[in-house]
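J.: Each chain, written out:
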Amino acid sequence: AQSVSQHNHHVILSEAASLELGCNYSYGGTVNLFWYVQYPGQHLQLLLKYFSGDPLVKGIKGFEAEFIKSKFSFNLRKPSVQWSDTAEYFCAVNEDEKLTFGTGTRLTIIP
Amino acid sequence: DTGVSQDPRHKITKRGQNVTFRCDPISEHNRLYWYRQTLGQGPEFLTYFQNEAQLEKSRLLSDRFSAERPKGSFSTLEIQRTEQGDSAMYLCASSPTGWKNTEAFFGQGTRLTVV
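Order-wise, the sequence lines are chains A and B. If you count the first sequence from 1, position 68 lands on 53 in the working numbering, and the numbers rise without skipping. Position in the second sequence (first residue = 1) + 888 = the working numbering.
Calculated directly from the structure, the hints in this document are not laboratory data. Take these hints with a grain of salt, some might be off.
To be verified - Some chain A residues judged to face chain B by a derived CB distance under 8 angstroms, without partners named: (1) His28; (2) Leu29; (3) Leu31; (4) Tyr35; (5) Asp39; (6) Ile53; (7) Lys54; (8) Lys56; (9) Phe57; (10) Ala72; (11) Phe86; (12) Thr88; (13) Gly89.
Note that the Cβ used here is the ideal one computed from N, Cα and C, for glycine as well.
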């Protein structure tokens, strides 16, 4: 079964800093990859997704992620974070018609 | 709001009681998923439906858990004889078809506290 690793459990950044959150999945083949965000008190929302094609995918709110097949990675990036990006971020991979999630990274942005 | 809606949002129950949660997916979404999320963890898959058919259940879903989607629209998740370990956020998601080339939309969840 697939597993997803998010090694950064809690990241604290100042506004305008650059962000990179790591995500690795356990094995290859054809995968669909997702980043979801959960703002405080809100439901999970899709940030971006990779199905095929260009390995650099752009999502909402200035986020992007790069799929590197050889590294089984799908890291999330944002060049300049804002206080409103404070949230929990989950990487997920599809497997047999369901999503497998990582444990999440809590991102705290200091004004 | 035409998103996925879950009811109730919060439920506190005594150990040993039965509880039932409801999920209304986005209209015309064939797939409906149940997930469970505990503190510090990502959502864990419980079960999913294609229309009214329950196609897969996780090993996490003990005999005390049962889910239904009788008419292929809303779904219910029942937990019998609740235990403290059942305390978690129960999430519902729906998607038009499978995960391939599409995304799932999540509800706000039902937070269960077993005391």
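J.: Hint by hint, where does the structure go against what was stated? Just the numbers, ascending.
T.: Violated hints: 4, 5, 6, 7, 8, 9, 10; rest satisfied.
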